[in-house]
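Student: This is what each chain is made of:
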Amino acid sequence: MSISHIDTDILIIGGGAAGCFAAVEIYKKSPTCNVVVMEKAHIERSGCLAMGLNAINAYLHAGQTPDSYVAYVERQFEGIIRKDLVYSIVQGLNKAVKDVEDMGLPIEKNEDGTYKMRGKRSIRIFGERLKPILAEAVQKTSALVLNRVVATNFIYDGDRVRGAFGYGVKNSTFYVIRAKAVIVATGGASGIYKPNNTGEARHLIWYCPWNVGTGYAMGIRIGAEMTSFENRFVALRVKDVNAPTGTIAIGARAKQINARTEDYLELYYKHLGGNKCLTQHRVLATIEEKKMGRGPCYLDTTTLNESDERRLKEDFLNMNPQIILLWASKGMNPRHKPVEIQGTEPFIVGGHCQAGYWIDKERRTTIPGLYAAGEVAGGAPKKYVSGSWVEGRIAVTTAMEDIKDVTLKDIDTEVIQGEKARALAPLTKKTGISPQEVRERLQKIMDEYAGGISMNYALHEERLLEARRLLKCLRDRIKDMTAVNNYNLVEALECIDRIDVARVLVEHLIYRKESRWACYQTRLDYPEKDNCRWLTFVNSLYDSTTDEIKMVERPLCS
Amino acid sequence: MSIFIDENICNGCKGLPEARCERICPGDLCYRKENMKATIRDQSACWTCACCVKECPVQAIELRLPFQVCSGGSSLKARLKRDKTIWTIWDAEGHQEEFIIQARYLKGD
Ligand SMILES: Cc1cc2nc3c(=O)[nH]c(=O)nc-3n(C[C@H](O)[C@H](O)[C@H](O)COP(=O)(O)OP(=O)(O)OC[C@H]3O[C@@H](n4cnc5c(N)ncnc54)[C@H](O)[C@@H]3O)c2cc1C
Ligand code: SF4
Ligand code: SF4
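Chains as they are written, first to last, in our numbering: chain W, 1 to 558; chain A, 1 to 109.
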């Protein structure tokens, strides 16, 4: 086992949407700035964008203003958003989209050259190769890209983040990377809850299965302040393959219908806004229909004509090809059969919802030297892919400014050896528990005691307290985890990170004693929304010396 | 089964230090066996993202769905051209449908 020492100005962890965009941006600003991108997979096809995309969901069309966009996000998130962050994202959206178009991304246009509207805030793209296009732009810079290197922890001396540790699974090398600034962009977290499908289909999930929340966990372990983990994301998706429904609902204007072909949003959920209801209420209504015996529920695609159907298939090939297989196995025609929908397991994401690092407007986390961008950054929901690019740009601008007087510091050999021993420990054990067992145990605890699918996402104190207890027991068993090879080692590290995230999540869920975002955070013991008490951010700080998670509240800001 | 690799078609990306499917899989699932034929280490970890399907130069890989979610057989292949992607889909009865979709602007477009 060798150790590789690398020094750099800026280390970007996670070469996804935000990470790649950030690397390109640094090069534009200063071609001589040293940059390292540490990526768990290969930047050409990694993270959420691996399959591609068919839409950019955050865009400011003519007639929309930053204020109207912020107001929309505020309404969707029932009053709790960091307006300052959302505002800064909105201001940069169109420029970021144009930059990626210039890299080679095809976008559907009107005759006058403007982008065609797909929905009020969305544009249609031909994004099958979006990730290779971004990767190619990175490859044109002088950034050193370390593919297949999994970040394990930050190098932190109590004052400042000084770099990060990583493990190269292809060359069995332990990386010690010293940096003047670190931008974390590792995406959100999947695999914390039991998924819809099990067995051989267990990874047919919506969110990228290899974004497991490592970026959150690394921050949690050094005491970075985290926000809004209780604002979980439950996605309404196509049953079994979990392909996004927005493509059908917005792209093909399909209505939600129940088993009786009733337009159930209009008929039974008028009080929530009917067809104009919030995203989370679409999930809620679908769950309620099932409970009332009026499920399964569908998106009514039977009104499509042949060319609409072909266009719909094209859109999915650009983003979620699995659904094409599902249709093909049934005879290829969504226009003859409505598309069944369901809610997914909860995900912890800062791009659709707002779980993540507590950051300032310049994307500094609460730990000096550490910046966050994309899904891993909290407080600004509905940022999607274009918002992640904007955050990458802002983080880079700040980091480059901040490091002018920063120098690299020596790292204790003991610290290096300690992290190496921790990260590689599972490989050294011959007998014990497998990562698969740990993952399944975690998912079962979270599903049953912290509001997973089997509980219709509902939560209450007694069960959450049991989740807290069981997670602590599970965490104590980590030392018994074994790994037979590097692939298996990554699975083991993913389990550790997921447990750290899950523990923080449960504390957030216990703390917010009201029901705010339907399904995302529904407390059976506090069924009402309480604006008098809870128009506030719920944040947390982990203390590694006492193993305690301290909860703090932060006020809304303008 | 999420992906099916036809060993009669796979040429092992001979000459390359790493197979194309191995390099591209975001979950690090594909690798070459001793006979230089590609395989997947764990079907249950496959995201069915089709990245390996697209990357294989000889179209040896098909995307399928696990039997648990789809008992009718269907499969999907893809070929990458410089600026477009060509998809071929077979349904349960073997009917075929093809899509040619723009994937990037080339310089000068
Ligand atoms: C299926 C799907 C469909 C979507 N559709 C749309 C859409 O149509 N329109 C839209 O606007 N948005 C869409 N989104 C959202 C959008 O893709 C994300 O918001 C965006 O990609 C987030 O960017 P990110 O950089 O934070 O995360 P990612 O792009 O996922 O990047 C995170 C990167 O970090 C890497 N990483 C993770 N852990 C580690 C580690 N330990 N060490 C090193 N690297 C690590 C990952 O491999 C990955 O490359 C979709 C998301 C999904 C999952
Ligand atoms: S379909 Fe995607 S996840 Fe599955 S083996 Fe191929 S590249 Fe890997
Ligand atoms: S990319 Fe295709 S030819 Fe190359 S090893 Fe994989 S399956 Fe075989």
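What the hints contain is simulated information worked out from the structure, not anything from laboratory work. The beta-carbon is built from N, C-alpha and C at its ideal position, and this holds for glycine as well. Don't take each hint at face value.
What the hints assert, rightly or not - Label-pair restraints from in silico Cβ distances:
| no. | chain 1 | residue 1 | chain 2 | residue 2 | range |
| --- | --- | --- | --- | --- | --- |
| 1 | W | D102 | A | L16 | 17 to 25 Å |
| 2 | A | R82 | W | K28 | 41 to 49 Å |
| 3 | A | I100 | W | K95 | 42 to 50 Å |
| 4 | A | D83 | W | E362 | 36 to 44 Å |
| 5 | A | R82 | W | E262 | 25 to 33 Å |
| 6 | W | E111 | A | I100 | 22 to 30 Å |
| 7 | A | G72 | W | G293 | 24 to 32 Å |
| 8 | A | D83 | W | V484 | 54 to 62 Å |
| 9 | W | K291 | A | E7 | 46 to 54 Å |
| 10 | A | Q102 | W | D67 | 30 to 38 Å |
Student: Which of the numbered hints are not met once you compare them with the structure shown?
Tutor: Hints 1, 2, 3, 5, 8 are the ones this structure does not satisfy, whereas the remaining hints hold.
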